[in-house]
Amino acid sequence: MTLIKASGISKSYPDFELSEVDLEVKEGEIVGVLGPNGTGKSTLMQILTGQIERGSGDLDVLGLDPQQDSKELRKKIGVLPEREDPPSFLTGREYLDFVSDIREESMDWDFPEKLNLDEHLLDQQTRKLSKGERQKLMVVQAFFHDPELVFIDEPLINLDPLIQERVKEVFREHKEGGGSMVLSTHLVSLAEEMCDRVVFLRDGEVIEEVTEPENLKEQFIDAEE
Amino acid sequence: MILKRMLKEEWRTQSKMYKGRYLAALPIIIFSMTFIGAQIITGFSTAPITDLGLLIMAFGFFTGLAAGSIGFNSNDAAQNILGDSNFIIFSSRTLPVEKSRLLANFLIKDLVFYLGLYLFPVGLAVSIVSTEMITYTAYMGGLFLLGLTLSLIAASSAIRLPSRESFLNYDNVPIPPLARKSVLDVSRSSGGLFKILMSIFVLLGLYWYIINYVPIASYLLSNPLMSFSVILGMMSVTIYNWLNTYDEASDYLHLPIDESELLESKFQAFKVIALIVILPFLGVSFALYGGNILLGTVIAVTTAYYVGAVTMYEAGLNPNERMIEGWTFLKFLVLVNTLVIPLLALTSLQTDTLTIIGLLVPMIVIGKLMETFRFR
Numbered sequence: 471m472t473l474i475k476a477s478g479i480s481k482s483y484p485d486f487e488l489s490e491v492d493l494e495v496k497e498g499e500i501v502g503v504l505g506p507n508g509t510g511k512s513t514l515m516q517i518l519t520g521q522i523e524r525g526s527g528d529l530d531v532l533g534l535d536p537q538q539d540s541k542e543l544r545k546k547i548g549v550l551p552e553r554e555d556p557p558s559f560l561t562g563r564e565y566l567d568f569v570s571d572i573r574e575e576s577m578d579w580d581f582p583e584k585l586n587l588d589e590h591l592l593d594q595q596t597r598k599l600s601k602g603e604r605q606k607l608m609v610v611q612a613f614f615h616d617p618e619l620v621f622i623d624e625p626l627i628n629l630d631p632l633i634q635e636r637v638k639e640v641f642r643e644h645k646e647g648g649g650s651m652v653l654s655t656h657l658v659s660l661a662e663e664m665c666d667r668v669v670f671l672r673d674g675e676v677i678e679e680v681t682e683p684e685n686l687k688e689q690f691i692d693a694e695e
Numbered sequence: 167m168i169l170k171r172m173l174k175e176e177w178r179t180q181s182k183m184y185k186g187r188y189l190a191a192l193p194i195i196i197f198s199m200t201f202i203g204a205q206i207i208t209g210f211s212t213a214p215i216t217d218l219g220l221l222i223m224a225f226g227f228f229t230g231l232a233a234g235s236i237g238f239n240s241n242d243a244a245q246n247i248l249g250d251s252n253f254i255i256f257s258s259r260t261l262p263v264e265k266s267r268l269l270a271n272f273l274i275k276d277l278v279f280y281l282g283l284y285l286f287p288v289g290l291a292v293s294i295v296s297t298e299m300i301t302y303t304a305y306m307g308g309l310f311l312l313g314l315t316l317s318l319i320a321a322s323s324a325i326r327l328p329s330r331e332s333f334l335n336y337d338n339v340p341i342p343p344l345a346r347k348s349v350l351d352v353s354r355s356s357g358g359l360f361k362i363l364m365s366i367f368v369l370l371g372l373y374w375y376i377i378n379y380v381p382i383a384s385y386l387l388s389n390p391l392m393s394f395s396v397i398l399g400m401m402s403v404t405i406y407n408w409l410n411t412y413d414e415a416s417d418y419l420h421l422p423i424d425e426s427e428l429l430e431s432k433f434q435a436f437k438v439i440a441l442i443v444i445l446p447f448l449g450v451s452f453a454l455y456g457g458n459i460l461l462g463t464v465i466a467v468t469t470a471y472y473v474g475a476v477t478m479y480e481a482g483l484n485p486n487e488r489m490i491e492g493w494t495f496l497k498f499l500v501l502v503n504t505l506v507i508p509l510l511a512l513t514s515l516q517t518d519t520l521t522i523i524g525l526l527v528p529m530i531v532i533g534k535l536m537e538t539f540r541f542r
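Sequence order for the protein chains is A and B.
All residue numbers for the first sequence refer to the working numbering, where the first residue is 471 and numbers rise by one.
All residue numbers for the second sequence refer to the working numbering, where the first residue is 167 and numbers rise by one.
Because the hints were derived from the structure by calculation, they are not lab data.
Note that the Cβ used here is the ideal one computed from N, Cα and C, for glycine as well.
Be aware that a few hints might be false.
Per label pair, the in silico range of CB-to-CB distance [as the list claims (entries may be wrong)]:
no.: 1; chain 1: A; residue 1: D539; chain 2: B; residue 2: I459; range: 42 to 52 Å
no.: 2; chain 1: A; residue 1: L632; chain 2: B; residue 2: F539; range: 46 to 56 Å
no.: 3; chain 1: B; residue 1: I459; chain 2: A; residue 2: G602; range: 33 to 43 Å
no.: 4; chain 1: B; residue 1: D424; chain 2: A; residue 2: E635; range: 43 to 53 Å
no.: 5; chain 1: B; residue 1: L316; chain 2: A; residue 2: E487; range: 27 to 37 Å
no.: 6; chain 1: A; residue 1: P506; chain 2: B; residue 2: S198; range: 52 to 62 Å
Chain B on its own, in the form it takes in the complex (with noise of 0.2 Å):
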């Protein structure tokens, strides 16, 4: 009944949230774009079967890792943080039923919506490209569970320490105080600032099966530590979208701050928190495969700095709802992928050093652009 209930709820909200027609056309696109890249795969391309196989049992397995991460949010959903809407989930405080059962239930919910919108669409058009996927979307349904356990444990066990008041507090930011409370929002709500170190270690590590399952893919590998750069720079967007989870314009009211400066102090956290977390990640890089690694560097920043500019811009201080809408998110491919693809291939290649720095060039002036745009 809880779970029932809970269910209509997620789509009353999600519809409200997405538009519902978007929203109930999801799981129609995904089995498009998916039954056409199988068809392109098995019909066009030299790549074996298997890889396709492969690849969606990769898919499953970090569609898991991404539910369960859920478990990040879940604890503070249920102490209401993350807005003051009410939900089914609150009602402990009020009704006679236990605060496990309906975080049990809020969570079978979620499944229940990433199975439905995703994992059904893609092993259903699979299936129908070849018999053969029949067996692999099972794998892939047990590597969802198997991803959505492993997250699950590893969002109860909350690595809790980069969390700590005595880690990061006010007082030991050394930025704006707007941007210092977004970056102490995220470094204190459930998961810590291991959320986000989390959230791109998945998308690494969807990258890396790709680009060593994927023959497609496997080019990226000629140059790795350049082409690693572009994709960290471009994954560390994600950062943007959690320094946006806890809070809105509307808390700001009783204070002498408009949307825009908010939206700068959204921009200016990114930045910081960007660069701590890119370094870490290209020096190990770097240790496994060499390379230029000043160039990689500037690289991966600039890349970065460029697709946190374009979803600043489009998506302003909604990032998790915006980017969900068809149009704004068109526009976003659009914008990164006119100078991505380019600077991905240029980087895969032996390009030299020069080439890529005109590349980079036309990035740093468009997102100083929207940043001006944008915060004037």
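Isolated chain A, as found in the complex (with noise of 0.2 Å):
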């Protein structure tokens, strides 16, 4: 069943052009798009899940259309995003019941604690963590409603190495559970072990796309020559 069916999405900003990306995400897959630093991953995350306009193209995302039922897509999926933090004056906890109850699905509180998000942490308002229990929350936030389909944008960002492995394994449950995800990321090494499929974005443009996620450095380089 395909999740996903974008066809010549492309937005224009004064100094940059998404074009004519293509991306198909089917039930069970996880698709990375990948590239360097300000290519469009982000760009392209925020329009797939509704964040902002598309100037053109046809999308599909769980059979709505992102821009027009922007507010019952983001019911249905998660969305991890490249630079959110949990509301600074609400502690962990707090959080994570207001997410819960904007949501109206109930928060499962082992969750938090297979991240290290103990009891005193989650009683802390959360400008007082570090970055990276700070995306921990975030990663709860993302997966605790058990989405079909999760929307991720670089997110072992600020993660020390354990708390990576713990979230690589938030992501391959959710997968093994019959999820989706739409990864972005410039981390290659991510890209192969995460992936089913990779999509290269180089200057906005989708330049080649990748079944076989495995030596993807040298499939980049090809790529873009």
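These two chains come separately, so use the hints to put the complex back together.
Right under this line is the structure:
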């Protein structure tokens, strides 16, 4: 079953253009969007999740048009944005309660514990937590409601190696449970490890789609040439 | 060097936010308005010139208090809580410069802005109208510094009792989740709920001064509780500004929340806090002046609702920026004054209750229409 069908997605800015992007994501797949910084990965993710409007192109995500049904779509999916922290003045526990209330889904409190978010950390206002601890809260809010599709933008930034492994474990469990993900990253190793397919993005254009994500660095260089 | 760069940064930030030409025109507008006001007071009223002097001294004092309340924000700003922009004040994280030095420069920079944008044009305008005002202008400067110092002391001693998690937390604020979050944001940021009381207190102090020392306004004292209720209702709109200080719509894009829901939640939070804040102020006024407390409460709450609804309708989620834009502010003034000035006039006279209620009804209806239009 196809969860995302995007064709000819474009978006223009004065100094940048995302141009004619095609993308398809099927049930149970992890699809990577790989490319250097500033190449349009986050713009594409924002379009796919209805956070910004596309300039042109056709887009269907879980049977919805993200531009028309943005809120409805965000109810169904999980989003882990690149640059977003939990609200500074709520404690971690309050933030997760808040997210749980907004989504009208109960919180599984074992989940934060899996990421080493213990009682003490959850009772701190998030402004007092480290960047990595805040990122863990964001991971929890993206996955706790077990959405069938999750969008993840540069998920491992600020996480120590041990927690990186635990977060990757969350991704794997999600996939094993039949979930799908779109993973935007500039980390070749992460894309190789996690993704079933990878789309190379360069200067706002898809330059290659790789169905066997091995030796991605070489494949990327080949595609550029 | 730091100060110079911070001034440049402030100018660029404010120009971006408020549009450069408005910011550059602000001292000219303040000068012109003060000049015209001073001419009217000295040329067309029976008020002695000393009243004008006292008025600008009060202006200096309360501007100082307002400038000092930056202290409430500077701590949050230093922690980069007020947004994800990067400013020179955050440099201590990456450069060998003390946070205290950056904070001191940050406050001096804001001082320069207040002095340049507000106090200097006022002082110049009144001194041109009458040379007697030169002395009062100097007093105004002194009182500005006094107000600033008092406010900074209050900010640094930060009465934080209401800010504790144990006092207000996610479980004990009985309003919808989004509104609840806004209330917690305000109560836990620097200064806590105290900064709201402080903002209203500053404005009420100015009101108290004007009615007591400016003869032209003393008619408000003929029915003090009623006119005070109107003024209190108007001033509580500052709560709406505070509620919109700590987040923006883009913070919620990863969740199923749309902008109109967020706006509705801000207004819900405003209504709850306004009610809580209005009652004790009214209680004090009732103890001082007596009068019909029930009618006073209805007037204050309705005025707060109406002025809040107008602000929400015109400025949306960005009242701190939008209310400085000329056109938005003009619309706000027209919408508010069309009903609130007649209400103030009626309540200052010994008008019967039914007439006053007759004016409150359209305020509620229009407020409701604004809510309906904005939240649909």
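Verification of the hints:
| no. | hint | in the structure |
| --- | --- | --- |
| 1 | A/D539 <-> B/I459: 42 to 52 Å | holds, 50 Å |
| 2 | A/L632 <-> B/F539: 46 to 56 Å | holds, 52 Å |
| 3 | B/I459 <-> A/G602: 33 to 43 Å | violated, 54 Å |
| 4 | B/D424 <-> A/E635: 43 to 53 Å | violated, 36 Å |
| 5 | B/L316 <-> A/E487: 27 to 37 Å | violated, 55 Å |
| 6 | A/P506 <-> B/S198: 52 to 62 Å | holds, 54 Å |
In this structure, the earlier hints numbered 3, 4 and 5 are contradicted, and the remaining ones agree with it.
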